[in-house]
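Dock chain B against chain A, hints included.
Protein chains: 2
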Amino acid sequence: MIDLSQATPAELRSMIRNNELIKPTAGMANGYAQANLAILKKEHAFDFLLFCQRNPKSCPLLDVTEIGSPIPAFAAKSGDIRTDIPKYRVYKYGELVEEVTDISNYWEDDMVGFLIGCSFTFEHALLNNDISIRHIEEGCNVPMYKTNIPCIEAGIFHGKMVASMRPIPQKDVVRAAQVTSRFPAVHGAPIHIGDPEAIGVSSIQHPDFGDPVTIREGEVPVFWACGVTPQSIAMETKPEIMITHAPGHMFITDIRDEKLGVL
Amino acid sequence: MIDLSQATPAELRSMIRNNELIKPTAGMANGYAQANLAILKKEHAFDFLLFCQRNPKSCPLLDVTEIGSPIPAFAAKSGDIRTDIPKYRVYKYGELVEEVTDISNYWEDDMVGFLIGCSFTFEHALLNNDISIRHIEEGCNVPMYKTNIPCIEAGIFHGKMVASMRPIPQKDVVRAAQVTSRFPAVHGAPIHIGDPEAIGVSSIQHPDFGDPVTIREGEVPVFWACGVTPQSIAMETKPEIMITHAPGHMFITDIRDEKLGVL
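So the sequences go chain by chain: A and B.
Note that UniProt numbering gives residue 234 to position 234 of the first sequence, counting from 1, and the numbers run on in steps of one.
Note that UniProt numbering gives residue 153 to position 153 of the second sequence, counting from 1, and the numbers run on in steps of one.
Pulled out of the complex, with its shape left as it was, chain A reads as follows (with noise of 0.2 Å):
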């Protein structure tokens, strides 16, 4: 049996894209970053790029394909989107569709692929300074909120920021924003420590997204950016047509999480 921790990016691509592995790949590939995936046509394509440009923390792009190609040159140039993602979700006008573990059929000549980074690299970093995480811990979702925080507007996309929030002891609060910093290509350092409520999250036992998880005494709710932000935009804003990962379901890239470090 293969240790898939210990499997190379294209070597699980390939298994991927055989459907050999149809399940999440948290934990697979260790060292290398995985991505979010958002599928649009060309026609909202300049707007979505520019509000990825303006909101880094929500949107943090990893690669963007040419128009029409599915291949990400510069994260994966032996990958291929239509094909190398365990489970897609298809959305017609902001509804879903259908999930599929293949979306040749649904390609077209004028669509562009963003993979925008995700936050194992940054839980990876944060494992290796000795600070846990309680959702992996518990074996669960990471719990994610609306909250009050308004995206950038650019052309048709606008809306409130998505957040993860990880429980934090207080003396490791400090050290994860400067561990979270040093890697904005996968959301960065904390967009809040502290009050929820500061932030419009009302009950931090109901995520809006994924699982609730135990704040222990002593430990300090942190609110990351999180890549969820632009799909759930992307959906108020119902395209005709836009495919996404499944949750949990990522791209797997050939970018080892070290070179996202910025110093």
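FYI, nobody ran anything at the bench for these hints, they're computed from the structure.
Predicted model, so just to flag it, every value in this text is computed and none were measured.
Don't take each hint at face value.
Copies of one chain are not kept apart here, so a pair can be met inside one copy or by any two copies together.
[What the hints assert, rightly or not] The calculated lysine-lysine pairs, modelled on BS3-like cross-linking and capped at a C-alpha distance of 25 Å, are:
no.	residue 1	residue 2
1	77	92
2	57	238
3	160	77
4	57	146
5	57	259
6	77	238
7	259	160
8	146	171
9	259	77
10	238	259
11	23	77
Relative to the frame of chain A, chain B by itself:
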């Protein structure tokens, strides 16, 4: 007589708008970021935005205006990119046709303005670290060179990186790399340290743009990606119309230099 180094960005933009200040902006509004400008029509805006996203060292975007709007809402809410630069250059099909102090007559409803980070910010940071800047000492322009380093293509835009060079004493080279690494939005870390020929620069005393400067015994030529790159590359593609600032005549933003520091 007003001290231009202590004037606010808004005061200076107003003077520039009224044609009371038609000169290079170096040394004005100390502590605030200045920006390179490129204006293109919408048909090329997606490709150019993608080019900037793929080449962040040469083309670090500070702001992109909405299609048809001359207001850089993020960089300067009260600014107007049609009037607030002391001198503009208008290019048609890659040829310089006019230098003007106001481009209102050229403005069209499908134009998009790109404000790109400028090295003034990281030069201040170097000076604050007691690392002197030779071209400032010698009262001339920074020397700039066409390198053999290819930019990553995007649509119609492709070509080589232009780099600026500053001679740095050997003992300060590491510190210079650290200090400028903090500012990715204004070109960031050096792209090369040492041998000019390694990046295709055959004669350090004959820059392609700007002026030659003295390199003293014990000093190392250090190269940074330069904001002239996008103009140089856009010129090669010969768009119907492109408007830029004239060299040294920058857009003065409301963004404090220090807020561009990533850590």
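Here's how the hints hold up against the structure:
no.: 1; hint: 77 x 92; in the structure: neither (29 Å within a copy, 36 Å between copies)
no.: 2; hint: 57 x 238; in the structure: within (23 Å within a copy, 34 Å between copies)
no.: 3; hint: 160 x 77; in the structure: between (34 Å within a copy, 21 Å between copies)
no.: 4; hint: 57 x 146; in the structure: within (15 Å within a copy, 33 Å between copies)
no.: 5; hint: 57 x 259; in the structure: both (18 Å within a copy, 15 Å between copies)
no.: 6; hint: 77 x 238; in the structure: neither (31 Å within a copy, 30 Å between copies)
no.: 7; hint: 259 x 160; in the structure: between (30 Å within a copy, 23 Å between copies)
no.: 8; hint: 146 x 171; in the structure: neither (27 Å within a copy, 50 Å between copies)
no.: 9; hint: 259 x 77; in the structure: within (17 Å within a copy, 35 Å between copies)
no.: 10; hint: 238 x 259; in the structure: neither (35 Å within a copy, 35 Å between copies)
no.: 11; hint: 23 x 77; in the structure: within (23 Å within a copy, 47 Å between copies)
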